[in-house]
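**Q** For what it's worth, the numbering used here labels the leading residue of the sequence shown as 1, then goes sequentially.
Among the hints, a few may not be true.
[Said to hold, decoys possible] No more than 30 Å apart at the CA atoms, straight line, and that leaves these computed lysine-lysine pairs for DSS-like:
1) Lys-111 x Lys-97
2) Lys-136 x Lys-97
3) Lys-111 x Lys-136
4) Lys-97 x Lys-118
5) Lys-25 x Lys-118
6) Lys-153 x Lys-25
If you are wondering where the hints come from, they were derived from the structure by calculation, not from laboratory data.
Keep in mind the model is a prediction, meaning the values are calculated, not measured.
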Amino acid sequence: MQRAVMRGRARKQARIVRRIGVDEKAAAKGHRYLTLVCDLDDGTVEHIAEDRTQASLDGYYAGLTQEQLDGIEAVAMDMWEPYIQATQAQVPEADEKIVFDRFHIMGHIGKAVDTVRKQEHRALMASGDETLKGSKYLWLYSRENVPERRRDKFAALRR
């Protein structure tokens with residue numbers, strides 16, 4: 001695979017890629033991953049590397065000129081720490097250019113809301129209040145998406 005990637009990169013014209021996406025892809029069943037770097041504007045694959053480590057992404061950045069690194073405006077990625085570290089080490093002003101995908105952010109928000117709900121539920125139950133009983137999934141809806149059959153319970157929780 002590495003040879004194929006090197007051939008493809010040798011044929012590719014050097015250019016500034018302004019917005020890149022970094023993600024991992026399971027290569028086979030189990031835990032074998034590839035790191036993918038894509039040009040988000042053109043939809044082209046810019047880099048593929050074995051594994052999902054900092055070195056996997058460092059390999060992409062190492063092949064860029066300083067002008068190309070300076071030209072990066074945004075790096076979209078999940079919250080995988082090795083990718084964050086590679087980007088911070090290589091891309092100028094990386095902290096201002098890293099953009100986390102909304103699915104991971106919403107996952108963290110959902111976990112935080114559930115943690116608070118559990119704490120509040122325990123405290124209320126200790127005093128005999130069952131207000132939050134059976135409300136776990138209500139907290140996951142946006143106001144516009146609450147099913148009709150649950151709107152009364154949702155309204156009661158908001159008071």
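**Q** Look at each hint and say if it fits the structure.
**A** Hints, verified against the model:
no.	hint	verdict
1	Lys-111 x Lys-97	26 Å, holds
2	Lys-136 x Lys-97	35 Å, violated
3	Lys-111 x Lys-136	11 Å, holds
4	Lys-97 x Lys-118	35 Å, violated
5	Lys-25 x Lys-118	34 Å, violated
6	Lys-153 x Lys-25	41 Å, violated
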